[in-house]
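Below are the chains, spelled out letter by letter.
There are 4 protein chains.
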Amino acid sequence: MRVVRLESEPAYAFGGRAPAMTVAPGTVVELSTEDCFGGAVRGIDDLPSQVCTFPYLNPVTGPIAVEGAEPGDTVAVHFVDIRPTRDWAISTTFPHFGALTATHTTAMLHDALPERVWRYDVDAERGICRFNARDSDLSIELPLDPMHGTVGVAPAAHEVIMSITPGAHGGNMDTPEMRAGTTAYFGVNVPGALISLGDGHCRQGEGEVCGTAVEAAMSTVIVVDLIKGVSTPWPRLESDTHLMSTGTARPLEDAFRISQHDLVTWTADLLSLDALDAYQFVSQAGLAPAGNVVDTNYTMLAKLPKRYLAETRAYEDVHTRLRTTATHYLNQR
Amino acid sequence: MRVVRLESEPAYAFGGRAPAMTVAPGTVVELSTEDCFGGAVRGIDDLPSQVCTFPYLNPVTGPIAVEGAEPGDTVAVHFVDIRPTRDWAISTTFPHFGALTATHTTAMLHDALPERVWRYDVDAERGICRFNARDSDLSIELPLDPMHGTVGVAPAAHEVIMSITPGAHGGNMDTPEMRAGTTAYFGVNVPGALISLGDGHCRQGEGEVCGTAVEAAMSTVIVVDLIKGVSTPWPRLESDTHLMSTGTARPLEDAFRISQHDLVTWTADLLSLDALDAYQFVSQAGLAPAGNVVDTNYTMLAKLPKRYLAETRAYEDVHTRLRTTATHYLNQR
Amino acid sequence: MRVVRLESEPAYAFGGRAPAMTVAPGTVVELSTEDCFGGAVRGIDDLPSQVCTFPYLNPVTGPIAVEGAEPGDTVAVHFVDIRPTRDWAISTTFPHFGALTATHTTAMLHDALPERVWRYDVDAERGICRFNARDSDLSIELPLDPMHGTVGVAPAAHEVIMSITPGAHGGNMDTPEMRAGTTAYFGVNVPGALISLGDGHCRQGEGEVCGTAVEAAMSTVIVVDLIKGVSTPWPRLESDTHLMSTGTARPLEDAFRISQHDLVTWTADLLSLDALDAYQFVSQAGLAPAGNVVDTNYTMLAKLPKRYLAETRAYEDVHTRLRTTATHYLNQR
Amino acid sequence: MRVVRLESEPAYAFGGRAPAMTVAPGTVVELSTEDCFGGAVRGIDDLPSQVCTFPYLNPVTGPIAVEGAEPGDTVAVHFVDIRPTRDWAISTTFPHFGALTATHTTAMLHDALPERVWRYDVDAERGICRFNARDSDLSIELPLDPMHGTVGVAPAAHEVIMSITPGAHGGNMDTPEMRAGTTAYFGVNVPGALISLGDGHCRQGEGEVCGTAVEAAMSTVIVVDLIKGVSTPWPRLESDTHLMSTGTARPLEDAFRISQHDLVTWTADLLSLDALDAYQFVSQAGLAPAGNVVDTNYTMLAKLPKRYLAETRAYEDVHTRLRTTATHYLNQR
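As given, the protein sequences belong to chains A, B, C and D, one line each in that order.
So in this note's numbering, the last spot in the first sequence is 315, and the numbers never skip.
So in this note's numbering, the last spot in the second sequence is 315, and the numbers never skip.
So in this note's numbering, the last spot in the third sequence is 315, and the numbers never skip.
So in this note's numbering, the last spot in the fourth sequence is 315, and the numbers never skip.
In case anyone wonders, no lab produced these hints; they're calculated from the structure.
Among the hints, a few may not be true.
Not everything, but these chain B residues come out facing chain A in the computed CB check (under 10 angstroms) [said to hold, decoys possible]:
hint, residue
1, Arg185
2, Leu234
3, Thr309
4, Leu312
Some residues of chain A that are not near chain B, with every Cβ distance over 12 angstroms (derived) [what the hints assert, rightly or not]:
hint, residue
5, Ala138
6, Glu190
7, Gly273
8, Thr302
Quick look at which bits of chain B chain A covers, simulated, 3 or more residues with Cβ under 8 angstroms [to be verified]:
hint, region
9, 88 to 98
10, 103 to 116
11, 127 to 141
12, 187 to 195
13, 241 to 251
14, 257 to 271
Values in this document were obtained by computation on a predicted structure and should not be read as measured data.
Where is the CB? At the ideal position from N, CA and C, for every residue including glycine.
Put together the whole structure using the sequences plus the hints.
Right, here's the structure in full:
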């Protein structure tokens, strides 16, 4: 088991950047990520619009090149461990950003909603983060469920895309499914794939409605792997219990269509079904939670319980292999 | 405990119809519903476009008038029991209907996808329904999870709306959450509210991607109740574990916005939070699964775990009361 | 030339109403319509939310039954004359209604934009209506271009649809093309077709961005006609210079798709082209203005200059016949 | 009058590229552009999916740096002359591209529509291009109306965006308004602005429904200018008769909202109106044609007749100055 430590300057985009490190498939990578504010919001008086500077938002760590990865292949990123590095975390509203506010694209004549900062208490031992209302004394404990909002590879067509924009290359999909124990699959667009990640969340609701989650710097461990000769049109996820396709687009029904189309196609391939039979099966067996409905593109997930697939395994069962590597690593640590 | 049996002619719309029965709040109503094909599709050779006649699709049973219900009130419909009445069920594609096909509104120059019928085996004792692929020998057992796709009240503004169209009055929301043990809340638009329901499903995936679920005639028991002087802007659901707001609109992000806006407003009211604090809290604690993304309007759900609400109860805890009535009924039967 | 005068009680929906009058095809009908506020807003201090009562908005005159009209046929409504009956007209914002404001479906946490009334001076002789700014002294003369925002037939499937909702039956499409000299075609859903119209505008911009046009009571003359055995899937318009298809749906691209799909199909039929050739031709020769982007459904138009069609005439050249009748009527008056 | 000739290698993106030339404000630039196929489709048997290679589509000429242009300024691009360089032009369908077909984002289970090429005859002297149907003998003359589908500047946030994607930086907006006589305004994101253009069309319909226009290589003359200290949030256009705002987004109503919001804000500024008065005025006076409804983002225009603005001039009347330069240039040539 190779274990390496990645140190990199913060980047703010996918694409357009040389690798910070090159690793062989199967390597465990230890890294850290700053929060989406670059650590500049530390208390309720630090308004993001004042202490942050566009476009230096949502920093990502990387990129990591995977040896041998070529366009047409798939890289796997398995999350071994994701830990908040501080005993506090931040969420905010931000002017003209979020699902229940006028934005620069859903343009309206309203003044912006008030910008407000919430500082959560994080207690890793008890596994909770505490919401403290600003306008009342209420506080509520929520379970920690650490995850990364942003993970992806360099995009196709030589594009350079801001880290806050999700797409076929991954990026800021903001789904709570990107937690430890999950494997994410990305189609490779450039040699080495060039994996970056950031935007750690102590937890988030589906949809990330107000525009930010419980944002935190993270100490994270991943294993990267390579599946040669297998392409992946949109990012996919695999947990111990579910296969998941993602779709990212606007309007939201197109994100839904992409995710369902991919899950139908994938299922047809795995179970040797024709497209209509797979369409029928997924229609009755699948789940469809929102990822984000706030970013410059929206993300939907299509989930299928693996128990319906009997002995069938996706991607040559790389998920099981990576789980084993992860267990090995965690036992050694 | 009053228990009545409802017999009614099939209706195909919400609104425009005299009550089939009037009941006092708290009454248990036993009823039956036909499947969305009116029972006309019984095997794989019964193509819906040939054996069904528009607009005589998706029949609903009702309407039930609730004594004392007036515009501005809320009626509660608690599902006590939902049982498939046959040992088979049907799902189909239908020309120009579904999420992954050109439709009459997402109009395209493609020919329709093939129309195909799947006949599921239903085994109520074992609690399963069996998917049988048409183009291969594969068959897969799926858990029974009976529910109603269509339930609602007469709409506002004297409208008469086809039973397949969901909206603020409820209707064909097609969410798997409408199962036994759930209470649905509807704002009252006309005296008596005029509750109808139908479109039973042995189960469905979120999104109802292909356009139909595992469609079945049902023997169903509900309890209806009335909350005077409390309005409900969009249908809400409550289970033992979650509060749920629904939103129904196109595009899908508007359905999402409605559902989240309602859950934020509802939560603010329940927890005495201001709107921004509730927005923040729901953003981190909520779930956002799709209802349907195939009907003439789309439906999204916004779900909040009740365990975060401590002792707070919605609608004067009518859900608990109705659960008790349901238990009482089921024990007596 | 038969000329009749229609008097009817105001209605607020399409469908669900007996005919106010039955006429033979070819009949000239003189009628009057109130403005969308039912005449209740007469000055800048009459806020619609205070002086109007939902759902008694947007009254329509009718319905007119056309003798012999059956489902599967098409009725033609030719606008002979549309004249404002007062020397003033009204436009307003309305809380949570319009394209640049949060609405009940594009739900947001913003307070409503201010409700404001503008009173236009109407000078029919000079052919102008005068905009008077409320917050400054600016006033600007705009050309009168009288039209009807709302015209349609009883919907299919026994539905009763509020007059403010446009759809396949027509209704509140709010396109400035519905002016004198234009023929509108509607597919017939019920015996007699049951034509209603209202919502006169002294003029409107494309999109009707703020939600209301220069709203006015009108004295209007139409000729109605019948094309037997020819169906019309979505409302179509014909002027002396253009054929126009409409599409009404959400999101707006679906309204666009419907309108373009209909124009492609119609053009293919008129020019004996296959679908792809018609798709190509319309792509290069067509126009695509917005109708409304504010109502409960949005409307787009697809326009084709008739000069490209050589001798080809739509609907057996009924437009020319109705133009002749209109000229005859106007000369006699 | 400075006149320069630009020669550049084809680029396929906005951003990420050093200037091919730097010019002073007021300079006339002569240049040529290849068609969107890079000239590879020359007849009806040259299927784009076979003779073109992604992402080497839609080449643009440039970028041109404007001396002194800094973020926060506006550059003006006035089109002096746009001439097809060949006596033929090409339009095609392309698999999974266009408004009336399943695409990669509006993902569906349909097979792609047939790929077909149309070769237009171009007669510059007579000012026509001739459509020749493929499946019949019909041919129709359409007026030449040469324009550029793609024109823009380097985007903000260091992004590099494919030339086929329109956005706040301009790019592939595909509006027929981008013709000779029009001035386009772009907000500057990087020093020099870095203007590129391409994708000449002999003409196009609004919406560019099938996905391509009458595509042609062009010989084009522009004048570039600089307005210091004035920002422009979204591309704007000005002709002799109209001011135009553009909006580019999905869904199409968001493109509409952006364009109308910008026109309202712009009008408020020009006429010293408050936002609500401008909203009202634009609602009654404006036009709203589609740009493209096929690209990776959709574009809508909001147009206001300049005659309503009395003596008010936008951008210090640079349009008139550039018109004068253009006339001077054309007279000399």
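These are the hints, each one checked on the structure:
1. Arg185: With Cβ-Cβ at 6 angstroms, under 10 angstroms, it holds.
2. Leu234: Status holds, d = 4 angstroms.
3. Thr309: violated (29 angstroms)
4. Leu312: violated (27 angstroms)
5. Ala138: Per Cβ check, Ala138(A) is outside 12 angstroms of chain B; nearest 24 angstroms; holds.
6. Glu190: violated (6 angstroms)
7. Gly273: At roughly 9 angstroms from the nearest Cβ of chain B, Gly273(A) sits no farther out than 12 angstroms, so the non-interface label is violated.
8. Thr302: holds (22 angstroms)
9. 88 to 98: holds (count 3)
10. 103 to 116: With 3 residues in contact (Cβ-Cβ under 8 angstroms with chain A), the coverage given for the region 103 to 116 of chain B holds.
11. 127 to 141: violated (count 0)
12. 187 to 195: holds (count 9)
13. 241 to 251: The restraint on the region 241 to 251 of chain B holds, since 3 of its residues have a Cβ under 8 angstroms from chain A and three suffice.
14. 257 to 271: holds (count 13)
When held up to the earlier numbered hints, the structure conflicts with 3, 4, 6, 7 and 11 and fits the remainder.
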